[in-house]
Amino acid sequence: MADWEQLREMTQHVVPPDFEALARTARRRQRRTAVAAGALACLVLAGGGVVLSIAADDEIRPAQAPPPSPSDAPVSALPHPDPGESAVDVDAGRYRVAISDSLAFEVDLPQGSTAHDDGLFLATRSFVLKTEVAGRRYGVPRDPCTDQVIEPAGPTVDDLVRALVSLPVYEVSRPRPVELGGAEGFYLEARIPSTYNAAPCERGAVQLPSRPSTAVSGPAPYLGRWWVLDVADHRVVVQQNCWGCTTDEFDSAPATPESITFTSAP
Amino acid sequence: MDTGRGAPGIDRLYAASYRRLVVQMYAICGDLADAEDAVQEAFITALRKQWTFRSVDNPEAWLRTVALRRLHRGWRHLAVVRRHQGLDRGPEPAAGVGPEHVALVDALAHLDPAQREVVVLHHLADLSVAEIADQLGVPQGTVKSRLGRGRQRLGELLAEREEPSHG
Numbered sequence: 001m002a003d004w005e006q007l008r009e010m011t012q013h014v015v016p017p018d019f020e021a022l023a024r025t026a027r028r029r030q031r032r033t034a035v036a037a038g039a040l041a042c043l044v045l046a047g048g049g050v051v052l053s054i055a056a057d058d059e060i061r062p063a064q065a066p067p068p069s070p071s072d073a074p075v076s077a078l079p080h081p082d083p084g085e086s087a088v089d090v091d092a093g094r095y096r097v098a099i100s101d102s103l104a105f106e107v108d109l110p111q112g113s114t115a116h117d118d119g120l121f122l123a124t125r126s127f128v129l130k131t132e133v134a135g136r137r138y139g140v141p142r143d144p145c146t147d148q149v150i151e152p153a154g155p156t157v158d159d160l161v162r163a164l165v166s167l168p169v170y171e172v173s174r175p176r177p178v179e180l181g182g183a184e185g186f187y188l189e190a191r192i193p194s195t196y197n198a199a200p201c202e203r204g205a206v207q208l209p210s211r212p213s214t215a216v217s218g219p220a221p222y223l224g225r226w227w228v229l230d231v232a233d234h235r236v237v238v239q240q241n242c243w244g245c246t247t248d249e250f251d252s253a254p255a256t257p258e259s260i261t262f263t264s265a266p
Numbered sequence: 001m002d003t004g005r006g007a008p009g010i011d012r013l014y015a016a017s018y019r020r021l022v023v024q025m026y027a028i029c030g031d032l033a034d035a036e037d038a039v040q041e042a043f044i045t046a047l048r049k050q051w052t053f054r055s056v057d058n059p060e061a062w063l064r065t066v067a068l069r070r071l072h073r074g075w076r077h078l079a080v081v082r083r084h085q086g087l088d089r090g091p092e093p094a095a096g097v098g099p100e101h102v103a104l105v106d107a108l109a110h111l112d113p114a115q116r117e118v119v120v121l122h123h124l125a126d127l128s129v130a131e132i133a134d135q136l137g138v139p140q141g142t143v144k145s146r147l148g149r150g151r152q153r154l155g156e157l158l159a160e161r162e163e164p165s166h167g
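Protein chains in written order, with UniProt numbering: chain A, 1 to 266; chain B, 1 to 167.
Bound conformation, chain A alone:
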């Protein structure tokens, strides 16, 4: 019989963080939302085709010129999956996906895409796009092959980039400063060649950097594009993951990640 009292006793071991720290976070987010909403209203009134960018330094500034069509298409919410399903097929178009209570992104998806877990994973025929807030639990596997427990990489963008560059198993490019969707950060390319023997790895697959609760692994060969971004004081990681595809296939895939624009959540 389940002993629920033992579980209740766990409350004694939970240490609440300082309430004032939560209050400060709430006030900071409130200010950002207010500023972003005001700026967005101005942009809409001006009628210009300027993409809103929420910068990490509390400034709202226009991003680079928006990517080409179909980014000018109307933005839709992802359709809801059928009851009991976690995935839903989506038509080609531009979609808004919330990644926190205050943040969302918009992205162009090609025909034949599937959204999983409310858009955490967006699978096209060529790759799987994974976009998430990379909080304090986000990190890299101790060893992507043999010890796949995710260790936190540290709280900053730089901490994570350093951990990614040092990852064993993966061949990771040098990080390059980049702007994506109005947010600044770093871009890296990662690769596991087809010659890599993943058989000794846990279940024959190699673990990706992730939050522990959203981690996925895959077989070799692997090609990935990783963006580590600072979006309105949130660290956000965008992964474009492809298992078993060639460089040519990957390069010819639709420029889905490049169509991303970060916004405040509706």
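Since the hints were derived computationally from the structure, they do not count as laboratory data. Be aware that one or more of the hints could be misleading.
What the hints assert, rightly or not - Now the in silico label distances, taken between C-beta atoms and shown as ranges:
no., chain 1, residue 1, chain 2, residue 2, range
1, B, Asp11, A, Glu9, 23 to 29 Å
2, A, Ser194, B, Ser145, 45 to 51 Å
3, A, Glu171, B, Arg12, 49 to 55 Å
4, A, Ala265, B, Arg161, 40 to 46 Å
5, B, Ala130, A, Leu78, 42 to 48 Å
6, A, Ser76, B, Glu156, 31 to 37 Å
7, A, Ser76, B, Gly155, 57 to 63 Å
8, B, Asp57, A, His80, 23 to 29 Å
9, B, Asp57, A, Ala255, 45 to 51 Å
A virtual CB, placed ideally from N, CA and C, is assigned to each residue, including glycine.
Dock chain B against chain A, hints included.
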């Protein structure tokens, strides 16, 4: 147990219910850090929406709903993993949690998510069938059936753990 009607100061509610909500979310998601994140985000949302929050009848229920919504968003569903070469990993045992707790949480992790949620809300949060139906927005009959199947499966899982191995 909920704080009941009225809207106490959020700081007082925090002191009274934070730990309880974290354990409830932990029982549902199996990851203590994710549970803490979900509850902290719920309180941050309450602080940001204080005028709305002050008008709710049951503040702790409101916080629980927000935290649950956050957990739902973050869950990794098996379908994604199966479809895209990922792996099925059970929730990681939280550091510092005793083996008895982990056994129960581990057994809960093997329930259907909808059943697990109902079982935890009933047995750990002490909510009635009607209250669960209200919080999750599903009919009471659905809650009853999920609760019945979830209890049965949980009992089987715990019994399997306790049985000595044969052969």
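Practice problem: Provide an ascending list of the numbers of those earlier hints which the structure does not satisfy. | Solution: Numbers 5, 6, 7, in rising order.
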